[in-house]
Amino acid sequence: MGLPGWGSRRAIEGDFVAFYRARGAHLRNTAYLLCGDWHLAEDLTQIAFTKLYRAWRRIDRRDTLDQYARKVLLRAFLDERRHPWRREYPTEPGSAALDVATSDDDATESRLHAALMRLPRRRRAVLVLRFWADMSVDQVADAMNTTTGTVKSQTARGLAQLRELLNDTRVDCDSIEESMR
Amino acid sequence: MNDVKDICDRILERPAPPMRDSERVLTIAQRSARRQARITVTMGGLVAAAIVAITAAAGTLDGAPGTPRPAVLLTSVASPSLSPAPDWEKTGPDTARFAQLLAEALPAGYRSQPAFGTHGTDTWTSADSYASRTQLVVSTGKGQGMLSATVVKDGAAAPSGDLCAAAVTARLDAYNPDGDANCQVITIDGVPIRATTTAKGSTATRFLADGFLIVDWHPSWQVPFTIQQLATVAATVQIPE
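Listed in order, the protein sequences are those of chains A and B. Residue numbers are given in our numbering: position 75 of the first sequence equals residue 75, and the series is strictly consecutive. Residue numbers are given in our numbering: position 83 of the second sequence equals residue 83, and the series is strictly consecutive.
Please note: incorrect hints may appear among the correct ones.
[Claimed, not checked] Below, a list of computed lysine-lysine pairs in the DSS-like style, where the Cα atoms sit at most 27 angstroms apart:
#1 Lys142/B x Lys200/B
#2 Lys152/A x Lys5/B
#3 Lys142/B x Lys51/A
[Unchecked claim] Heads up, incomplete: computed chain A residues facing chain B, CB under 7 angstroms, no partners named:
#4 Tyr20
#5 Arg21
#6 Gln46
#7 Phe49
#8 Arg58
#9 Glu109
#10 His113
#11 Arg157
#12 Asn167
It is worth saying that the hints were derived from the structure and are not from the lab. If you're wondering where the values come from, they're calculated on a predicted model, not measured in any experiment. For every residue, glycine included, the Cβ atom is placed at its ideal position computed from N, Cα and C.
Based on the provided sequences and hints, a complete structural model is requested.
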């Protein structure tokens, strides 16, 4: 393989597919934690990988692919939330492939999920990226196009709000939909 | 901190739906890239005339109305994977498609517009051979220049030895005489490219199974475009079928 970004088309496609297979699931999980909807998470992941494919030649270092992909994903998520048509249904429901089985153990997860979804989306994004995706403050600031100070303050507020929400017995699944509008 | 990670992990413990397979993701990405390129080419066609007009005006301002335009003749070629030259002697050249492919092969930060409407494309054909040139006006934030790509189908096999050898030069001279050029061979991803430089510009030649592709660069306003970059364009641009 030649210099990154200057490979042949076939080599790029091979690298792209390999990267998707290696990191696609993680990126989709990140998307799901951000948006709380598997349909939209699938869409956001596709958007991120599509933009990544277009930019493949411009990315000089392979070790920055992950950071680039997460940045694109985050911005796609934030952009998607600005679209009026996204405020109702992220994706037309009905795809059986995206249906998820539920179990009796889901109650706790649903409560946790509801609490996370009730955070303002940028605050939620900071927490997910910092503590689940293990991104540094600088990386999160870069991805969100904001300052490190803002990331730190959003982190502190997000943690406090999350604790408060988790102690709030009123948090339930119905609140997810409301918080996403 | 770990609480948040635990919360996320627990949320994700629920079974997730199957992921979209990689081939599907790639197909969608490729389709999107092609759509974007088509839009660029279409918009570029509208802008090209304006750019060429500006270029002409700049030439006048230089006080050199007789200044020769960047050479539109074949310059040099580079051939990576011995793709066959397209059958344009039968079907006619698809220069719009080739302009799109050429634009996709440019390095990052380089914008392009097809030089349609002026001398953007030219094709010479005979019964079983042709030479078809496609030009792009390539620009960066610092300036612009003219990139020409010429597909030549002459029916001859690709040379097996030194691409700077006299026999190769003689073959190319029929299309692109560059007698005093400095010649070197640059290999891009296993594809040998004949790269030449003259006072007028740079040329990269990639040999095809039955012809060759010449990509040459004539800077107008100090746009950096190294011979290595030019060779990479020649090596990576997709040859239309």
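Earlier hints that do not hold, by number = Hints 11 and 12 contradicted; others consistent.
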